[in-house]
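*Asks:* Sequence:
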Amino acid sequence: MRGFTLIEILVTIALMAVLFVIITPIQFLTLTTTRIDRDIATGVDMARRAHVLARADDEPWSVFFDTDAITLFKGDDFESRDTDFDEKYTLSVTHIPDTQEVVFQANSGLPQSQVSVVLTDNETLEYPIAINKYGIIFY
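If you want our numbering, it's the position in the sequence shown, counting the first as 1, plus 1331.
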């Protein structure tokens, strides 16, 4: 006799269901972690770019950390900036509880002050980005 019995088919379906139940949360966690890492890396990259652009330019460059986005802009004040130079990144998973701005001085590229920005996710985990007075970024 050829073929599969009903019990063999049910066991196979049950094993596949168990694997699906185990793999789905792991896949979701991996996807969320990747998005968090991308948000952090983008914030760090924008701060590094502002530092480099301020050293090369005769005008300050800044990064504005808003609650749901990070904006790289030319100038030393977010409200009076030239929007033609804006680069905005909308955060995908994390958010920033308090808006912050870091200004990198023209020619030297040094920040005007030390800044610490905290990105958080919905699980109450915190991901700090700190910029010291020399422009070194820790995350």
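By construction, these hints were calculated from the structure, which means they are not laboratory data.
The beta carbon of each residue, even a glycine, is placed where N, CA and C say it ideally should be.
Any given hint could be a false lead.
Said to hold, decoys possible - Computed spacing ranges between beta-carbons, pair by pair: (1) THR1451 with LYS1419: 27 to 33 Å; (2) PRO1356 with ASN1463: 19 to 25 Å; (3) MET1347 with ASP1417: 15 to 21 Å; (4) LYS1464 with ILE1353: 24 to 30 Å; (5) GLU1454 with GLU1418: 24 to 30 Å.
As the list claims (entries may be wrong) - Result set (BS3-like, lysine-lysine): computed pairs, CA atoms no more than 27 Å apart in a straight line: (6) LYS1464 with LYS1419; (7) LYS1464 with LYS1405; (8) LYS1419 with LYS1405.
*Asks:* Confirm or reject each hint.
*Replies:* Right, here's what the structure says about each hint:
no.: 1; hint: THR1451 with LYS1419: 27 to 33 Å; result: violated, 20 Å
no.: 2; hint: PRO1356 with ASN1463: 19 to 25 Å; result: violated, 38 Å
no.: 3; hint: MET1347 with ASP1417: 15 to 21 Å; result: violated, 49 Å
no.: 4; hint: LYS1464 with ILE1353: 24 to 30 Å; result: violated, 48 Å
no.: 5; hint: GLU1454 with GLU1418: 24 to 30 Å; result: holds, 28 Å
no.: 6; hint: LYS1464 with LYS1419; result: holds, 24 Å
no.: 7; hint: LYS1464 with LYS1405; result: holds, 20 Å
no.: 8; hint: LYS1419 with LYS1405; result: holds, 12 Å
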